[in-house]
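Read off the chains here:
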Amino acid sequence: MDYNWNWAVLFQEPYLGWLLSGLQWTLLVAIAAWVIAFVVGSAVGILRTVPNRLVRTLAAAYVELFRNIPLLVQLFVWYFVVPELLPEDLGLWVKRDMPNPEYVTAVVALGAYTAARVAEQVRSGIQTIGKDLVNAGLAIGLTPLQNYLYIRLPISYRIIVPPLTSEFLTIFKNSSLALTIGVLELTAQARQIENYTFQGFEAFTAATVLYLVITLLVVLLMRLIDQKTRIPGSVGAN
Amino acid sequence: MGDFDFQVIIESLPFLFDGLLISFQLTFLALIAGLAWGTILAVMRIWGPAPLRWFSAVYVNIFRSIPLILVIFWFYFLVPLLIGRPVGNFTSALIAFSLFEAAYYAEIMRAGLNSVSRGQVYAGLAIGLSPRQNLQYVILPQAFRNMIPVLLTQAIILFQDTSLVYVVALSDFMTSASVVAKVEGRLAEMYLFAALVYFVICFSGSLLVKHLQKKKVA
Amino acid sequence: MIKIDNIDKWYDDFHVLKGCSLEVERGEVIVICGPSGSGKSTLIKCVNALEPVDSGRIVVEETDVTARGTKLPLVRARIGMVFQHFELFPHKTVIENLMMGQIKVLKRSREAAREKAESLLKRVGLADQAQKYPSALSGGQQQRVAIARALAMDPIAMCFDEPTSALDPEMISEVLDVMVELAKEGMTMMVVTHEMGFARRVARRVVFMDQGEVKEIADTDTFFRNPETDRAKEFLSKILAH
Ligand SMILES: Nc1ncnc2c1ncn2[C@@H]1O[C@H](COP(=O)(O)OP(=O)(O)OP(=O)(O)O)[C@@H](O)[C@H]1O
Ligand SMILES: [Mg+2]
Numbered sequence: 001m002d003y004n005w006n007w008a009v010l011f012q013e014p015y016l017g018w019l020l021s022g023l024q025w026t027l028l029v030a031i032a033a034w035v036i037a038f039v040v041g042s043a044v045g046i047l048r049t050v051p052n053r054l055v056r057t058l059a060a061a062y063v064e065l066f067r068n069i070p071l072l073v074q075l076f077v078w079y080f081v082v083p084e085l086l087p088e089d090l091g092l093w094v095k096r097d098m099p100n101p102e103y104v105t106a107v108v109a110l111g112a113y114t115a116a117r118v119a120e121q122v123r124s125g126i127q128t129i130g131k132d133l134v135n136a137g138l139a140i141g142l143t144p145l146q147n148y149l150y151i152r153l154p155i156s157y158r159i160i161v162p163p164l165t166s167e168f169l170t171i172f173k174n175s176s177l178a179l180t181i182g183v184l185e186l187t188a189q190a191r192q193i194e195n196y197t198f199q200g201f202e203a204f205t206a207a208t209v210l211y212l213v214i215t216l217l218v219v220l221l222m223r224l225i226d227q228k229t230r231i232p233g234s235v236g237a238n
Numbered sequence: 239m240g241d242f243d244f245q246v247i248i249e250s251l252p253f254l255f256d257g258l259l260i261s262f263q264l265t266f267l268a269l270i271a272g273l274a275w276g277t278i279l280a281v282m283r284i285w286g287p288a289p290l291r292w293f294s295a296v297y298v299n300i301f302r303s304i305p306l307i308l309v310i311f312w313f314y315f316l317v318p319l320l321i322g323r324p325v326g327n328f329t330s331a332l333i334a335f336s337l338f339e340a341a342y343y344a345e346i347m348r349a350g351l352n353s354v355s356r357g358q359v360y361a362g363l364a365i366g367l368s369p370r371q372n373l374q375y376v377i378l379p380q381a382f383r384n385m386i387p388v389l390l391t392q393a394i395i396l397f398q399d400t401s402l403v404y405v406v407a408l409s410d411f412m413t414s415a416s417v418v419a420k421v422e423g424r425l426a427e428m429y430l431f432a433a434l435v436y437f438v439i440c441f442s443g444s445l446l447v448k449h450l451q452k453k454k455v456a
Numbered sequence: 457m458i459k460i461d462n463i464d465k466w467y468d469d470f471h472v473l474k475g476c477s478l479e480v481e482r483g484e485v486i487v488i489c490g491p492s493g494s495g496k497s498t499l500i501k502c503v504n505a506l507e508p509v510d511s512g513r514i515v516v517e518e519t520d521v522t523a524r525g526t527k528l529p530l531v532r533a534r535i536g537m538v539f540q541h542f543e544l545f546p547h548k549t550v551i552e553n554l555m556m557g558q559i560k561v562l563k564r565s566r567e568a569a570r571e572k573a574e575s576l577l578k579r580v581g582l583a584d585q586a587q588k589y590p591s592a593l594s595g596g597q598q599q600r601v602a603i604a605r606a607l608a609m610d611p612i613a614m615c616f617d618e619p620t621s622a623l624d625p626e627m628i629s630e631v632l633d634v635m636v637e638l639a640k641e642g643m644t645m646m647v648v649t650h651e652m653g654f655a656r657r658v659a660r661r662v663v664f665m666d667q668g669e670v671k672e673i674a675d676t677d678t679f680f681r682n683p684e685t686d687r688a689k690e691f692l693s694k695i696l697a698h
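Residue numbers (our numbering), protein chains in the order written: chain A, 1 to 238; chain B, 239 to 456; chain C, 457 to 698.
The hints are simulated quantities; they were obtained by calculation from the structure and are not laboratory data.
Derived CB-CB ranges, DEER-like:
(1) B/Asn384 / C/Ser492: 25 to 33 Å
(2) A/Val50 / C/Gly493: 24 to 32 Å
(3) A/Val104 / B/Gln245: 27 to 35 Å
(4) C/Ile612 / A/Gln227: 39 to 47 Å
(5) B/Ile248 / A/Ile31: 37 to 45 Å
(6) B/Leu290 / A/Gly91: 55 to 63 Å
(7) C/Phe680 / A/Gln227: 49 to 57 Å
In silico contact screen, one side only, chain A against chain C (beta carbon under 10 Å); selected entries:
(8) Val134
(9) Tyr150
(10) Ile231
(11) Ser234
Don't be surprised by glycine CBs; every beta carbon is placed ideally from N, CA and C.
Turn these sequences into a full structure, and let the hints guide you.
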């Protein structure tokens, strides 16, 4: 193998700056998208468990739609197609005046996509609660809504912290797709450094290490949340 | 959007179909290779000596921590360097996908292997099978059967993931659609059509998975 | 006080309850027994509308539980319900389990709710467990908490669905003692149970169900000495055999 090692390139300007700015965009895309995914996903997941059949079906349709189309295709649809479908004024605004359109689009697309996956976790969390525990809430006179608020959701969310961890990790990885519409996040910057310096090994190693660090931090954070919220006596609790 | 142009879709169908074949090819080959390597990794992780266990764990955790696009870039850069001459995009992509998917299959296999009860393991040994025979004839077949729905789901994900070869311009279905989209200036038509095709394929696949799961329960 | 009038209920094409009627008077304790799958749980869940009925009426103290537009939460709050598997809220401490309904449904102040909860816990002998989570308690203790949780709502009647059948033998009596106490104080109770000793001690009448029908309603003594139907005889001989 014929290769000139040069690890120093990673600490030279402008390349160090590129990496750090890439890292920043990765975090900005992933975290903003997670907020959307969590809110929308919770709503959709809850709606999948309500008595009304039409509502349940619509929520299920959301999940199937967003789960069965590759994220890349969804991203392009949001970026190239949706502005055309909007009412004229809004469409024009999105195309001409919306600040940072690539970033906003990436966040919305990634958020909507991940919401479908979060919804599945939320639904399964709600459905693992036994029928009689739900009845117990109703039996003391809680309304169905109160029963969701005080019994079913608090229990579900505590159960699903571990599977949500994996979705949260995935969103950082999936944020790399934003590069296809021009967001210069971490993977894009590593590629760019390779193109400029031909030091692909160093550039990709740097990106890999940074993703590993993100993973480690997310896992630690979620473990902390899990310990703080876990229902005493449930599997794995101490 | 009043001027939705079906003609452009119809005219590009043969071209798109070639792209779709590439997507299927890549999915199929990466599935086989990833499954094989993933199974080895899982076996190493469960029964291997310490260094192999350790290697497997590190491998799986690294690949599961980084984006597929980065892996594609890695191998797009690395493979020609290692081989010493340029190879096609397809080869690089196939290697990237196989090694990447293997990490996910390894985790699925590990769960599946652990799902085979200890009693079965002892029963195999008790009738005189060697540990390797036991693995081959008793444990793996049962593990695979338990895992078929999960493996299929992962295959659907893999098929969706192959769209990412767009970043190295390998002419799969997605790339072909976007080529037509740009050349003809028909972005809405082509991307919506691509979405529809992927949806029909993946949704059918997921219905099949549901069907298999029901059968398993019954 | 509780009037079940000719109710029918279907699960899809399965006829779980077939024309069941039953009246429970104020202060009366009624034991419901019958083979597994005969519809006992379903019947008792219909009383506080946890399961809807397809036809017939259930009236609890002037309130038609089965009528459209009845405010079910308020009806349910007045009927205590105790489940086979306790069903305490696992994410709440024992005392919070007792306070939740008082605060959210009856709109009592936290202080009032806490006071009531503490006195009920004392009554079921668990004053020292107030701050623990349900999972830290034994089955018998959890069931006593569940009874206290129902009592915290000041119910006019209590329904029990096999309250001791998930318990280890040595814990059964601690729960039955609480129930006997309640009966003596004049609580109206519908109890699904196979504890025939309990039935003999406190029940005035026994209801025997089979295949979704109320087969027999008899005074306790009569039922044990001389059941009318063959099915009941057969059932009793199986139950009393061990
Ligand atoms: N949600 C449901 N959907 C369909 N069938 C049900 C449902 N709940 C109960 N059943 C059926 O209705 C019948 C009566 O059930 P129920 O729980 O009332 O019986 P039970 O007398 O309480 O029996 P056990 O002693 O086993 O608790 C059973 O055959 C049961 O399988
Ligand atoms: Mg029952």
